[in-house]
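Asker: Just so you know, the sequences run in chain order S and P. The opening residue of the first sequence carries number 773 in this note's numbering; numbering runs sequentially from there. The opening residue of the second sequence carries number 18 in this note's numbering; numbering runs sequentially from there.
FYI, nobody ran anything at the bench for these hints, they're computed from the structure. A few of these clues could be false.
To be verified - Which residues of chain P face chain S? A partial, calculated answer using Cβ under 8 Å:
no., residue
1, 36
2, 151
3, 197
4, 200
For each residue, glycine too, the CB sits at the ideal point set by N, CA and C.
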Amino acid sequence: MNCEQFKDKILDFLYEEISEEERAEAVLHLKACSSCNAEVNEFKLVRGDLAEWGDPAARDFSITVPYPSPLRFFKQWLIPEHWSMRNVMALAIASALLLLVAFSVLGTEVEFSKNGFAFRADLLRRSDSRRSNIADLRPAAVTPASLPLPSPVSTLEPVKSDILREVTRMIQESENRQEQLVKSEEIRLVNQLTSGYRTQVADLTRQFNDKHKLDYVAVYDNLEQQRLADLQQIRMAFSSLDARTSQQAKQTQQLVDLIQKVSYQPK
Amino acid sequence: MVTDEALVERTVRGDTHAYDELVVRWQRVIYNLVYRMLGKEHEAEEVCQDAFTAAYLNLKNFRREAKFSSWLYRIAINLSTSHLRKRQRTAWESLDEMREKGTMADLEAVQWNVGPRPSIEDHAIEQDRARRVRSAMDQLHPECRIVLILKEYHGLTFKEIAEVLNVPISTVKTRMYAGLSEMKKRLARDGLHEA
Ligand SMILES: [Zn+2]
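Given only the sequences and the hints, what does the whole structure look like? Please build it.
Answerer: Here you go:
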């Protein structure tokens, strides 16, 4: 081994990452070469100095790793990693729609009560629709044998009908009351208008008493036409209000109907 | 004993206790490494924390043929290096700022901040020899410094260091040689040992 060969191996020699025979050759060279020997000794001194810098004093500090919640593990298991949130949403909506269609085809009914909820699906639509609405309040004919689950429907049905009847009555009552209110308001306004015109006509009569009768008649006719037109306006306004009110009542009724279909609160 | 790689496998499957075990095994080692790179305890703790977090979050990118420790070393070294760069940048920025203001009196203080020197309260009674070694190490180029640290204080083989740093073994040895030669000069100049 010459100096150049030794310099190639000096680090391996120093840190003992060298084969046994190469080590022997290196030792042989060091015995013969003072300059290589000196360099090795200097490096050994440096290594000795480096060893003076001991490990830093142990100070306890805790590492916090941002572990995922168990829910995220479930999500990772449920949803493929490369899927975007958009894909997931699209799939969720699509499957919800599919379920809706399937449920409606199967004639599924879901009933909620404080005891839980009942679920039934008919493979074939029954001829007598079980759907109840305000117009048709007959209690649904439930045949317990056809139910896949023990259902509270049969016991709830009469109570439900009672409630529906009660709600219908209340809506009707409210509608009647509103109708009466509108009518009386109309009458009040028309009376006000009429008395206003009467006063005006009386004034005119006094004014025209001393003048030509013709003028008086013409002005009076004019006034009367105006009065009729005003009356017409009031009538139209009230009839449109009337229509709106009954439409609102109808909407309320539909809403109650809808709520009744999905939820049930005993009296 | 369960191998690190088996613990990694268990962590990837969702066993967080397995990763806790890896943290317990390597926390002190990684801290020592980062501390020798940065020289400040609280910064070293911060980078150490970041290293374990980064390793955990990137565990699925870990190639199974490598050693977990080598991979963890690499993450910690990369974070330390970027931390040093940030520190350098901040120091230069404040230097520029000072130049603009025309107050060069504090220049010494700024330079003091560049290197990973210990704060006074950190090491008030550090031994003299150790302090000199340390300040000599601080002045090495980080590329040489990390090789010396991994070799002298972590006992890695040249092959392992090459794996950690992702460079050829010959490069590792070149840096090691340069580092040792530089240390020899600095320590001699420092009067630690007269040649
Ligand atoms: Zn020689």
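Asker: Could you run down the list of hints and mark each one as holding or not?
Answerer: Quick rundown of the hints versus the structure:
At about 6 Å, the closest approach between the beta carbon of residue 36/P and any beta carbon in chain S falls short of 8 Å, and the interface hint on this residue holds. With its C-beta approaching chain S no nearer than about 5 Å, residue 151/P sits inside the 8 Å limit, and its interface hint holds. Checking residue 197/P against chain S by beta carbon gives a least distance of about 5 Å; that is within 8 Å, so the hint holds. For residue 200/P, the interface hint holds, since its Cβ comes within 8 Å of a Cβ in chain S; the closest pair sits about 5 Å apart.
In this structure, every one of the numbered hints holds.
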